[in-house]
Amino acid sequence: MADITIRAVRKSYGKTATLHGIDLAFASGEFVVILGPSGCGKSTLLRMIAGLEDITGGEIEINGRVVNALEPRERGCAMVFQNYALYPHMTVADNIGYALKVAGVPKAERRTRIAETARIVGLGDYLERKPAALSGGQRQRVAMARAIIREPGVFLFDEPLSNLDATLRVTMRAEIRKLHQRLSATSVFVTHDQVEAMTLADKLVVMNKGHVEQVGQPLDIYHRPASTFVASFIGAPPMNLIDCSIDATDAVARHEHLAIPVPAAISAALGGRAVTLGIRPEECRVLPVGQGLPARVDFVEELGSGRIVHVAFGSRIFAAAIPADIRVVPGDLIGLALPEAQLHVFHRETGKRIDVTHSTGRLGRHQGQDAAPQAAEAV
Amino acid sequence: MIQRTPYADAFTYGLMALGFLLLIGPFAVIVAGASQTVQQVNAVPFNFLPQNQLIANMTAAWTRADLGTAMLNSFIMATLVTFGKVALSALTAFSIVFFRTPLKHFFFWIVFITLMLPLEVRVVPTYAVAADLFEPIRLLIAWVTGITVSIEWNLLNSYAGLTLPLVATATGTFLYRQFFLTLPDELAEAARMDGSGPVRFFIDMLLPLSRTNMLALTTIMFVYGWNQYLWPLLMITDPAYKTTMMSLVSLLPAENGTPDWNVTLAGSLIIMLPPLLVVAVLQRWFVRGLVASEK
Amino acid sequence: MDKRAVFRSWWLPTAFALPQLALIALFFYWPAVAVVRWAFTLEPPFGGSAEFVGLANFREVFADPLYWNSVLVSLTFALAGTLSTIFIGLVLALAVDRQLPGSGAVRFLYILPYAIAGPAAGMAFRFILSPERGLMASVNAVLPDFWNPAKYGSHALILVIVVFAWKWAGYTFIFLLAGLQSVPKSLTEAAAMDGSGPIRRAIDIQIPLLAPTLFFLTVIMMTEGFVGPDTYGIVARTTDGGPNHGTDVMVYRIVEEAFRGLNYSGASAQSIVLIGLIMIFTFIQFRFIERRVHYK
Chain A
0 MADITIRAVR KSYGKTATLH GIDLAFASGE FVVILGPSGC GKSTLLRMIA GLEDITGGEI
60 EINGRVVNAL EPRERGCAMV FQNYALYPHM TVADNIGYAL KVAGVPKAER RTRIAETARI
120 VGLGDYLERK PAALSGGQRQ RVAMARAIIR EPGVFLFDEP LSNLDATLRV TMRAEIRKLH
180 QRLSATSVFV THDQVEAMTL ADKLVVMNKG HVEQVGQPLD IYHRPASTFV ASFIGAPPMN
240 LIDCSIDATD AVARHEHLAI PVPAAISAAL GGRAVTLGIR PEECRVLPVG QGLPARVDFV
300 EELGSGRIVH VAFGSRIFAA AIPADIRVVP GDLIGLALPE AQLHVFHRET GKRIDVTHST
360 GRLGRHQGQD AAPQAAEAV
Chain B
0 MIQRTPYADA FTYGLMALGF LLLIGPFAVI VAGASQTVQQ VNAVPFNFLP QNQLIANMTA
60 AWTRADLGTA MLNSFIMATL VTFGKVALSA LTAFSIVFFR TPLKHFFFWI VFITLMLPLE
120 VRVVPTYAVA ADLFEPIRLL IAWVTGITVS IEWNLLNSYA GLTLPLVATA TGTFLYRQFF
180 LTLPDELAEA ARMDGSGPVR FFIDMLLPLS RTNMLALTTI MFVYGWNQYL WPLLMITDPA
240 YKTTMMSLVS LLPAENGTPD WNVTLAGSLI IMLPPLLVVA VLQRWFVRGL VASEK
Chain C
0 MDKRAVFRSW WLPTAFALPQ LALIALFFYW PAVAVVRWAF TLEPPFGGSA EFVGLANFRE
60 VFADPLYWNS VLVSLTFALA GTLSTIFIGL VLALAVDRQL PGSGAVRFLY ILPYAIAGPA
120 AGMAFRFILS PERGLMASVN AVLPDFWNPA KYGSHALILV IVVFAWKWAG YTFIFLLAGL
180 QSVPKSLTEA AAMDGSGPIR RAIDIQIPLL APTLFFLTVI MMTEGFVGPD TYGIVARTTD
240 GGPNHGTDVM VYRIVEEAFR GLNYSGASAQ SIVLIGLIMI FTFIQFRFIE RRVHYK
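Protein chains in written order, with numbering that gives the first Met the number 0: chain A, 0 to 378; chain B, 0 to 294; chain C, 0 to 295.
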C-alpha cells in the first residue's frame, strides 16, 4: 500500500523535452491507468516512478518519501514489462524467486513463497520450465508472479497486454483487475488501448505530447472530455468533430450550408464565436430523408449487434451507430439528428472543452490543469 | 518449391565438385605426399595415392623439429590466449555497453583504434616493450616524481610474452558487445527492479546468457592463437619455448641434402591438425563466431 | 546503436575495462607513439640521442625504388587475392545455397582451409606447386621452365596469391552464404513464380541483394591482403620475399628492414604510410557500410 505524488515532474533528453511538468496524485490502493498515444511520455513517466529514468525536474514521492535519488530496489515498486523481460536462462521458479535471492532470503523460505505465488497466478505446474517453453499467456503470468512475490507497495505495468492475442488480452485484463482487488497495492498501468483503460481504471489519466490532458473516473472522462484530443481518443469509433460558428441570433451552429440546432444557452453565451462541436456516434440518430440534417451514406460497417454508418455530412464524414433493424446502403440519402443535449463544445483554437451552464448561460472553461488531481468530482 | 531444373542442377554439382578439387585437393596432396617414401614423393608425375609411410614420416618429423615441445607450447599459448580473451573482453564489453557514462565511448574508441595498428606496423617498438615491460612506467614515474627507479620485467622467452599482447586485441570485445546489444533493455531493467546491482547482473545474467558466444569465441581464438607466426618468432629465442609455427623452418629439407619432402609434409600435417580439428568438430560455433564478430 | 544503458557508475566500468585497456596501452599505444617518434627522428649509428629530422625519413623511403616495388607487389597481391577469394566464395556460396542433396557436406569441407595458418599452408604449397616435384613438375617436363617460382618473381607472386586464395576463399564463402541465406525466401519464390530459372535468379535477385556483403568483404580482404598477419606469414614461409623482391609485400619489407636491416626509422616511416592506408580502409568501411567494422 502506497500513495504516489508527482509534482511538476519534467523530463528532457538533451534539449528535447518529453514531459512538461506533470502533477498527479494517486491514492493508496487505487488502480490508475495512464492512457495516451505512443510517444506521449506515458512510459517515461512510469519508468521515472520505477527509478529507471532520471527525473530532470520536479519530485516524485512514494508513501511520503521523495524517491528522486533512490535506486529502483529502494522504492518498493515492482514492474511488469511489455515484453515481460523474463530471464531466458532461468526456470520459472528461479525467475519468480530472483528478487528474493538477491535480497538474501533463505532458500527454504524462498521455495515456499515461490510455490505460493505461482499458485496465485496458476503456474504451479510449470515451475521447472524455461520461459522459452511457455505460451504467451504463461509468460505474462510469470512476469506478474515475479512482481507479486516481492509484495510491493506499487505495481507498475508497462503495456503488459499488448503482446497477447485478442482473446487472451481480455482474459488477462480481468485477471489483473482481480489480482489488484486481492493484493490491494497501488497499481499504475500504462496503455494506449482505450478499452483496457476504460475497463481497468479507478482513475484514468489521459496524456498527450508530454502533458496531462485530463484526469478523472473513466465514465466522467467519457461523458465530459476536457479537450478534442480526449474526445477523439476515448470511445470507438471516436467522437465526431465539426468546426462551426455559433449563430448570434438563431440557436444554431453553422458549418457551410448546414445549420445544426444547439441549445439556446450555447448561442446566448457563445454567439458569433468559432467553435468545434462534438457528438459521439452512439448519440447520432439516423432518420428518413427529409427529417433532421441532410446526409448521404458513404459506407456501412456491420458489427452484428448493430452497425456503424459513415455518412457524408457537409464536407465531413460522420460515424453513427445505429441499431440492427435500420437498413441503409451506400448512396442512400438520410436525415441525421444530433440531439442538442449530447453536443460537446470545444474552443476552436485550443481544443479545450467549453461548458455552458444551462440555467444562467454563463461561460465556464474546463482545462487540463484545473482538471488535475481534484477534478474527479466533475458532475 | 517444386522445380525441375536438371541442367542447372548438373551445373551446380559441377561447380561444387570444382570447389572441392580446389579447396580440398591440396589436403589430399599433403596426405599423399606425407605417406610416401623420399623416392615416391619426388616422382614425376606425382602419385596421388597415399602409401604406408605416414607414421614413419610423422615420427621422423616429430624428432627432427622437436614437435613434442612445440606442440605443447603452441597448445599452452593458444589456451592462454583463448582464456585471457574470453575473460577480459567480456569485462570490457560489459563496461562499454551497460553503463551510462561518457567513459564508455572513450573505452570503445580505445579498443576500436587498435584495429588500425596491426602488429606488423609496430613490430619493433612492441618488441621493445616486451623486452622491457616497465619502461613506460619508469618513464612515467621519472616524469612525475623525478625519481629514477629500476624495476624491470622482461617478457622475452616466456608464456606471458607470447600471450599478453595477443589478449589485448579487439575481436572478442566486439563479439561480446554485439551480443550484449541484442539483449533487450528490459532484461537489465527487470534485474534492477529485482534489486540486482551491476556486478550481480553480470554474474547472474550476462555470463550464463553468453555461453554460446563464449564457445564461439573460444573456437576462433584457439585457432587464432595456434596460428600466430610473427610474434612468437620475435619473442622466443630459447628452443624450450618455441611454437609449432617456428618449427616449420626446421622441417624444410636441407638446402643441399635429401629432398625428403615426405617428412616435411608429414610434419606440417601434424601442425595443421589441432586447428583443423577444432574447426571441423566445432564448425557450428566457429562459423557463428566469425560471422558475429564481423558485424 | 546505443543501448538504454542502465547502470550508473564511473569507477565500476573503469575497473572492469582496466585489464584490457592497460594491455592495449602497453602493447598498442606506447609502441604506436614510438613508431611516430622514430619516423621523424634518426638514431646516430654510434649511440647518442635521436635527432629530429622532419620528413627526411619519408623522403628517403619514397626515393627508394625498392619501396615502390613493394607498394606495387602489395597492390597486386591484395587486388588479386581479393578478387579471387570473393569470386570463388561467391560461386560456391550460390551453388551451396541451392541446397541440393550433398551441399551440406561440401559446405562443411569448404571451410576447412581457413583453419590452416598462412605459413603452414605456404610451406605445403612450396611442395604442391614446386617446379621439380608435386603437381607442376609434369608440366615443366613438357614445357621446360613453364613454371618456376624459385626463378621468376611473377611466378612466385602467383604462388603466394594462390596460397592466400586457398586459405581465404572459405572465409568469403561463409559470409556470402550467410548473406544469401538472409535473402528472404519469398523473394526467390516470387522470381520463380515470374518464371525465372535458378541461374537467372542468382544474377537478377541474389547477387544484387548481396551487394553490401560483397562490398564489406572487398574492404576486409583488401585490408587483409595489405596488412593481414597471414600475408606476412605466407610470404615469409613460401618465398621469403623473393626471388629478386618479386614478392616483397609492404609488411614483409617493414619487418625485414627493422629486424634484418636495423633501419628503425625507415621501417617506422613505412609503417606510418601503411597505418594511413588502413585508416582509409576503415573509414570507407564506416562511411559506406553502416557500422559494420572489421574486428581483428
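For the record, the hints were derived by calculation from the structure and aren't laboratory data. Misleading hints may appear alongside valid ones.
Below are the EDC-like pairs computed for lysine to aspartate or glutamate, each with C-alpha atoms no more than 20 Å apart in a straight line [stated by the list, open to error]:
#, chain 1, residue 1, chain 2, residue 2
1, A, 129, B, 203
2, C, 150, C, 131
3, A, 100, B, 254
4, A, 106, B, 203
5, A, 14, A, 70
6, C, 184, B, 8
7, C, 150, B, 254
8, A, 208, A, 174
9, A, 100, A, 115
Every beta carbon over 12 Å from chain B, so not counted as near; a handful from chain C, in silico [said to hold, decoys possible]:
#, residue
10, 62
11, 63
12, 64
13, 153
14, 169
15, 208
16, 223
Ideal Cβ positions, reconstructed from N, Cα and C, are used throughout, including at glycine.
Cross-check of the supplied hints:
1. A/129 - B/203: Measuring from Cα to Cα gives roughly 16 Å; hence the hint holds.
2. C/150 - C/131: Satisfied, since the Cα-Cα distance of roughly 12 Å is no more than 20 Å.
3. A/100 - B/254: The hint is violated at about 70 Å.
4. A/106 - B/203: With a Cα-Cα distance of about 17 Å, the restraint between residue 106 of chain A and residue 203 of chain B holds, given a limit of 20 Å.
5. A/14 - A/70: violated, 25 Å
6. C/184 - B/8: holds, 19 Å
7. C/150 - B/254: Holds - the C-alpha atoms of residue 254 of chain B and residue 150 of chain C are around 16 Å apart, at most 20 Å.
8. A/208 - A/174: violated, 31 Å
9. A/100 - A/115: Between residue 100 of chain A and residue 115 of chain A the Cα gap is close to 16 Å, so the pair holds against 20 Å.
10. 62: holds, 21 Å
11. 63: holds, 18 Å
12. 64: Label holds. Min Cβ-Cβ 22 Å, cutoff 12 Å.
13. 153: Non-interface label stands for residue 153 of chain C: nearest chain B Cβ at 21 Å, farther than 12 Å.
14. 169: violated, 6 Å
15. 208: Answer for residue 208 of chain C: holds, closest chain B Cβ roughly 17 Å.
16. 223: violated, 10 Å
The structure fails hints 3, 5, 8, 14 and 16 (numbered hints given earlier, in ascending order).
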